[in-house]
Amino acid sequence: MSMENVYLGIVLAPLLGAIVAGLFGQQIGRAGAHWVTILGVAISFALGLLVFKDVVFDGAAIYNDTVYTWLASDGVRFEIGFLIDQLTALMILIVTFVSLIVHIYTIGYMRDDPGYQRFFSYISLFTFSMLMLVMANNFVQLFFGWEAVGLVSYLLIGFWYTRESAIYANLKAFLVNRVGDLGFLLGIAAVLMYFNSLDYADVFRAAPLLSNLTVAIIPGTEWSVITLICILLFIGAMAKSAQVPLHVWLPDSMEGPTPISALIHAATMVTAGIFMVARMSPLFELSETSLSVVLVIGAVTALSMGILGIVQNDIKRVVAYSTLSQLGYMTVALGASAYAAGIFHLMTHAFFKALLFLAAGSVIIALHHEQDIRKMGGLRKYMPVTYACMLIGSLALIGVPGFAGFFSKDAIIEAVSHAEIAGAGFAYICVLIGVFVTAFYSFRMFFLVFHGKERMEAHARAHLHESPAVITVPLILLAIPSVIAGYYIGPILFDGFFADSIKVAPEHDVLARVGEHFTGALGFIGHGLAGPAVYLAAAGVAAAWYFYLQRPDIPPKLAASAGWLYRLLDRKYYADDINEFVFAAGGRRLGRALWKVGDATLIDGVMVNGTANSIGWFSGLIRQVQTGYLYHYAFAMIVGLLLLLSWFVVS
Amino acid sequence: MLSDWPILSLVIWLPIAGGVLTLLAGRGGDGPAVRPIALVFSIATFIASIPLYTLFDTTTYRMQFTEQVPWITTFSINYHLGVDGISVPLILLTTFFTVLVVIAGWEVIKYKAAQYMAAFLIMEGLMNGVFASLDAVLFYVFWEAMLVPMFLIIGIWGGQRRVYAAIKFFLYTFLGSVLLLVAILYLYFESGSFSLLDFHDVRLERVPQILIFLGFLVAFAVKVPMWPVHTWLPDAHVEAPTGGSVILAAIMLKMGAYGFVRFMLPITPDASSELDWLIILLSLIAVVYIALVALAQEDMKKLIAYSSISHMGFVTLGFFLVFSIFAQNHEVAGAAMGVEGGLVQMISHGFVSGALFFCVGVMYDRLHSRQISDYGGVVNTMPVFASFFVLFALANVGLPGTSGFVGEFMVIMSAFKANFWYALLAGSTLVLGAAYTLWMVKRVVFGDIANDGVRELTDLNGRETFVLGSLAIAVLLLGVWPAPLVDLMHSSVAHLLEQAVASKL
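Protein chains in written order, with the working numbering: chain B, -13 to 637; chain D, -3 to 501.
Everything labelled a hint here was simulated from the structure, so no lab data went into it.
Capping the alpha-carbon separation at 20 angstroms, the derived lysine to any residue pairs in SDA-like fashion look like this:
hint : chain 1 : residue 1 : chain 2 : residue 2
1    : D       : K500      : D       : L181
2    : B       : K439      : B       : I350
3    : D       : K500      : D       : H196
4    : B       : K582      : D       : V284
5    : D       : K108      : D       : V159
6    : B       : K582      : D       : I281
7    : B       : K582      : D       : D295
8    : B       : K367      : B       : H449
9    : D       : K108      : D       : L35
I would like the entire structure built from these sequences, with the hints used as guidance.
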């Protein structure tokens, strides 16, 4: 089997599964739907392993070729094609692995749902779209995948379409993402204009030649073309990867069923923006301005969203804010030119965050869809497997040495400390404080759910038991890489794993500077113990333990005494209120005004019906003259004759 | 040889003959043969139009399948037909949609079904005539004649305020075309011929060019329609029966845009170049202002009507980008994408808006309401219908993979080359278009069952599934592989751009 067919198989297998389960769900039944989709994704995963081996271990040449021409116009060919390099190979594995596990977990989680087949169809369609996105060799296909994952996200957030909150959330998610897509599409248009191609290879090859070109968007101001392109593209990434201020859709996306929160809104789709910037590293490296923008936005997101995690009481929303914050860390890595560290964190995060979501899901179904952590507590003894897995996920998240998250997050923090571009100092402080915050909110949730008093209702407690194997086995399968994935830090970050798929300018190469001291994974742990991050994490856990297990009376008092601060956090910095008031209500009001005043009053009222009315009025006047009396007409003729005669005489 | 057949005459006169036959069959009540006759003729016309695509030579811009017979020799008026890569897709769109309209009206139209079917068949022939005419008088005759069946369709089978809407529709478009006639007569006296191709070559001074340009603009802008002469469209759509709305949105609006490329750009290139800012301004107002107005609509048909105006703004924008691009470095590179994008948008908008009007018709047939507030949770009782509706809504939003994306993408790419701000304003449709379309979907399709009317809805029948299914296939096919459509246009568009940037002064 040639490799082209392997690549095609990777994308088509899940698509086929999605089509069969979607169109023939009735005929094949529930089991048929989950078998056909799981088979599709399993084939993808297996082929993905083959590709990984081919590219990474056998050192196969980079594949970059066209499948078919989508459109040709004006001498430019827009094509559908694949670029298979180290970055793609790794992304394929992450996507298909997490997707496969989520597919299996879904059998248990959605067991009683009437939309069972539809759900499997959607998540397989998502897998197809995400694979098209990461395997693209050009901007058009990237945008196709980009929008397609957005579509499936829209469909899945609103999966329970009778819930008002769900269909509000999915509309919001779509619209906020569309704001980003506008930037992204304009970025693509800029690329097309200046490179006359949308093929990655062409663009990256020609990019250095354009590094001094400027453009005046507003007359009199000079913008570097590359900076313009990078910032426009990054606006797209900001929406998809939920960076401030386009982050507002992600917390609400938790209205969707938990398996997709894990797959789409934690492990894969939301990291598409991170992937995209890493893919575009040959462009971003040419613009320090845009790197600084990326760095600062990421740092603000990492810290400010983490802080919001502290005041959340919905178990999924805590994990959601944690995702926002971690996406901020990845973005910081990109801004610091440590793309490899960003992708590495993307990978470890995919494992431990999917684990946290699925474990949260396990808790949620055990409590019959209760999501309020204030009504949980003491679950450890009822759900030992879920407990252990959640503990592993949390330890990985907060960066306890030895767990996956430690390696990737510490690499980012180290890298930022070496960065020299504008905003690096600010970002370093943000990510350090963020470590404490992460540990605090994670273990606040952990203690409230699994330790302390059992606060659930008696009825719920009577039915408490560990989830079935179809749920716990996926948890275990994710817990394993959440521990061990970090030990690949050496090969992935410091041994040129990504080769030419990521470009870093020598003066920005912070990872090389981190790598100078690198002596292996264990050495990295030792090095980490000498830095502040580990102790900040420990302090966070200790604080959570004190406030929520030892002295649970303190937090309410604190919230009451710093009322304005608590309200600010509880209202999520008022971001939703501002968006609702200015954009949503403002847009509706403006539209109504334009309609009523512009269309109805001015155009139809004054111009159209006004013309008709004045013609009517005028003809009414004229009608007065036509009396029908012969002597009136004779009189008028005589007057006219007199006037004509006198005119002739005078002239 | 098949290519020697008078295919264009066939696609004009076959449906008209079918219409007459249908009328005869329906004399003295609704005869059983009425619907089958209409269906057979519409399908036959569609089949007859297929060779226009399969036998089309994409390598030349010259008119193909030409027919020329002297008609009124005193004024050298000819029965002159011919098509190029710009008109062929529009004729195919017309013949395709007429079949669907006949099928869709099969059971729904109970009052004067023969006349209803006949009106659509005759209109099909006349519309094909507009797209195929190469003689200005012939064009004008078809152009005006086409108003009559549409006037009747709205006035007879329409809703409550059908007479107001029909007269508004007729006056608007008729007044516009008077100026078209004046312009055509002036060009006849200048060139001594009524041939459009001669019009293309005739030299014109600046002032007459501007006046002719403005005359054309009024005539065609009303049909597109462009802001501020658009207010007849929402009224006409609201009152028209489903089939009328479908043909109005899918085909008739394209007439105006067709006039832009067949008349304005090649006949008055200098005026077009001088006044391109006006068209771009009006187009961008259509995209932004009308999208905001669409957001405020409470009637589904009005909402889709406003959405149509907004989407047609992309068409006119794409056509007139060439001059800003040419001004930069005297090259048209990048402009063809705008024009082709506009043309693709015309076809795609035909499918998508036509499909959306069918969807509203499906709901209207059941609940007799077009108000968004009378629906809610339709997906619970009509899941198959809901899937189609959401698909077409997403195509309206311009989602990649649907036809709606292709034209918008191409126009935005080209607009960026002309001016960053054009692209930004045009691109606002990504957000606004999604807002008004998906907000409607949210209120109509999703949610809990809103009332007893929705509770008793029945899902699509076979006939409706066929109509929406065919459109869904067209929308997806064009989205996933638009190349065959666009390849049809290259030679004609390249020639058009040469004409547009060649001065006639």
